[in-house]
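A.B. asks: Protein chains in written order, with our numbering: chain V, 29 to 187; chain L, 43 to 493.
Source of the hints: derived by calculation from the structure; they are not laboratory data.
A couple of the hints might just be wrong.
Below are the DSS-like pairs computed for lysine-lysine, each with C-alpha atoms no more than 27 Å apart in a straight line [to be verified]:
| # | chain 1 | residue 1 | chain 2 | residue 2 |
| --- | --- | --- | --- | --- |
| 1 | L | K108 | V | K167 |
| 2 | L | K341 | V | K187 |
| 3 | V | K182 | L | K108 |
| 4 | L | K305 | L | K341 |
FRET-style restraints, in silico, Cβ to Cβ [stated by the list, open to error]:
| # | chain 1 | residue 1 | chain 2 | residue 2 | range |
| --- | --- | --- | --- | --- | --- |
| 5 | V | A86 | L | L413 | 47 to 53 Å |
| 6 | L | K391 | V | K70 | 14 to 20 Å |
| 7 | V | K70 | L | L392 | 16 to 22 Å |
| 8 | V | K70 | L | V347 | 53 to 59 Å |
From a predicted model like this one, the values you see are computed outputs, not experimental measurements.
Glycine residues also receive a C-beta, built at the ideal position from the N, C-alpha and C atoms.
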Amino acid sequence: MNRLIPISLFIAFAAAAAPGLAGDDDLVVVVNKSNSVDNVTKAQLKKMILGEQPSWSAGKKVSVVLRATGQPERDGVLRSVCGMSEDDFNQSWMRASFNGSTATPPKSLPTGQAVRQSVAGSPGAIGFLRAADVDETVKAVTVDGIAAGQPDYKIKAGK
Amino acid sequence: MGYRRIEVLTGSAGSLCTLLILCTLLILLAGIPVLAQSNPEPANDQAAVIDRLLKRIDEMEASQQKMQAKIDQLIGAQAAVTVSPAPPTQAPAPVAQPAVAASVAPPEPVASVVADEPDDHMHRLGPVEFQGFSDFDYGRAWFEKQPPGGLVGTPNSFGIGDLDLFTNTRISDHWSVLAELLITSDFTNEFGAELDRLLFTYKANDYFQIAFGKYNTALGYYPNAFHRARYFMTATSRPIMYSDEDNGGILPVHNIGITATGKIPSGSLGLHWVAEVANGVAVDKAEPIQNFADENNGKAVNLAVYARPSWLDGFQTGISVYRDTLHPLNLPGVGQTIYTGHIVYVNSKLEWLNEASLLRHDLEGHISRSLTSYTQLSYAFGKFRPYFRYDYQNIPASDPIFGTLGRESGPSFGVYRHLSNYVVFKLQYGLLGERNKPSANDLNAQLAYAF
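Model the full structure from these sequences, guided by the hints.
C.D. replies: Shown next as C-alpha cells:
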C-alpha cells in the first residue's frame, strides 16, 4: 500500500504534466494586432512562406517573419508547414524568382523577441513564436481552427 | 557578424551597468562615515540614508533594464536590415532598399525598420544583382547543339553549357524587370550572346499582370518552370519537344511581344489565365525570333488556361492554343495552330511531367498534323533522384515546314544528385531512334551549378 502511494502520485503528476509538455514545442502563429484575421489554414501559411500569397484578403501585404537559419523554430516551421528542409526552401525561392516572382522572402530574425517586435511593428506581418515569447503586443491566431497547445496542433519547433 | 557585435555590446553594456552601480555604492558608502564624523546625526537619519541608497539602487536597476530593452530592440533592427533575406544567395527580387532602412535605425522605431514594404517613391535604382547558372559536361551531344543530320560518330568531348546570367529586379511596387542573358556556343565552337528573356512587367494584383518584351511562350509547363538553367532541370537537357527554334525545335518557345496573366476567381480550383500577342517566328531565318521586322502584319496569338487546385498541392494541368501564319521561302502562307496540354505533379519527392503538342499546318487547304510529347518521372531518395524520360516526336514528311525532321523518339534515364546546395551532378544514358537514320545512344555526365 505504501508503495502504491508514490507510484500513484507519479502517475498523477505525469498525467497532469503531459499536455503541458506536448505544448512546449508548439509554435504559436502570431499576426499584427491590427489584423482582423483570427484563423489561417496550413495551406495559406505555406503559400505565404513561399511567396505565393502576397497579400491578406484585406489587401495588406503579407510579410513573413521567421527565426534565423539553423534555429529549431525555423526548421520546425519549414518542416511542419511546407514539408521542406532549409535546402528545399532555398531552392523553392530561387526557382520562384527565376520564374518571375517578385515576392519578398521571409525575414530572418535571431530571437523570439525580435520576431515579436517585428510582427508588432508591421501591419501585414505574420510570425511563429514559442508560447513563452507571446505577449499582448501581438495577436495569436488558430491554424485550421486549432489553437497552439491543443492536442491536434501541427506546427511545432524542430529538435 | 552584426549579431556577434551586438552580443559583445550586450555583454559590455551589462558589465558597464553593474560597474556603475558598484562604483556608486562604493562612493556613497565611503561618504557615510565622513558625513557621520563631521555631522553626527541620530540613528533614524542613518536609516533615511539607507533608504535613499536603496531607492537609488532601484533606479539604477530600472535604468539597466531600459538599456537592455534598447539593446534587444537594436538586435531586432540590425537583424532585420542585415540578416533579412532568408535564403542567402537567392536574391529573388533585389528591391532597391530605401535609404532609411540602409542607415541603421535609432533604437526606438524598430517598427519603421522592419515595417511593411517600402512605398513606391521609396524605391531606388541599383545595384542590380545577378544570379548565374552554368554546367560542365562530358559525353556526346545528345540531340541539342547539333547541326542538321546530327553528329553521329563524334568522339566523347568535354563541353561547357550556356552561361546564364539572370536578374529579377523590382523597381517599384508594381513594376519589375526580368532579364536572362546567355553566353552560348554550339558545334561551331563559336560563342555568342543571346537574350533569352527580357521582360518589363506591371503587376496590378494577383488577377492581372502584363509584361512587355521577350518571353518563353506559355504553351505548356516546362519552359516556364525551368527556363534555361540546367541546374533546375532533373535531366541533362530539355525534352526534344521544347528544343530551341534554332536548334531543331518545332514549337515557338520564345516570342517578342506582350504577355498577360493572372488568377481567375475560382476558389480551390486555382484557375489561371494567360493571353499573349507576339511577332511569332520566321521559319527560314538563322534567328527565328522576330524582332523589329515581322514577316506579316498578323500577330501570333496564344491563349492558355491552367489549374493549380489547392486541394492537391503540386498538381497542375492546363491547355493552350497558339495561332500564327508562317511564311516559308517559295511557299504561300502556312496557317499554324498548336494545341498543347500538360498534366504535372511535383512535390519535394515525386516529379511527374506529361506534355504533348499537336501542330496543325494548313497550306492552302492541305493539312498536316505533327505530334511532339514527353513524359518524365523521377523520385528523390535522400540526395539521389533517379529519373526516366521518354521523348516522342513525329512529323509527317508532308509537313511544309518541318517535314525533313521525321520521327525522333527514345528513352533516357539517369540519376541526379545534389553535391551541395548549389551544385548538382547528373549521369544520363539516352537512346534516340530516328526515322531513316541510325540510332544514337549516349552516356553524358553533367555538373550543373548556380552562383
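A.B. asks: All the hints need checking, so say for each whether the structure fits it.
C.D. replies: Structure-based check of each hint:
The straight-line distance between the Cα atoms of L:K108 and V:K167 is roughly 24 Å, inside the 27 Å bound, and the hint therefore holds. Pair hint L:K341 plus V:K187 does not hold up; C-alpha atoms about 58 Å apart against a cutoff of 27 Å. A hinted pair counts as satisfied when its Cα atoms are at most 27 Å apart, and V:K182 with L:K108 does not qualify at roughly 37 Å. With a C-alpha separation of about 25 Å, the suggested pairing of L:K305 with L:K341 holds against the 27 Å cut-off.
Between V:A86 and L:L413 the Cβ separation comes to about 48 Å, which falls inside the hinted range of 47 to 53 Å. Evaluation of the 14 to 20 Å hint for L:K391 and V:K70 yields a pass: the beta carbon distance comes to about 19 Å. Checked against the given bound of 16 to 22 Å, the beta carbons of V:K70 and L:L392, roughly 20 Å apart, stay inside it. For V:K70 paired with L:V347, a C-beta distance near 27 Å fails the hint of 53 to 59 Å.
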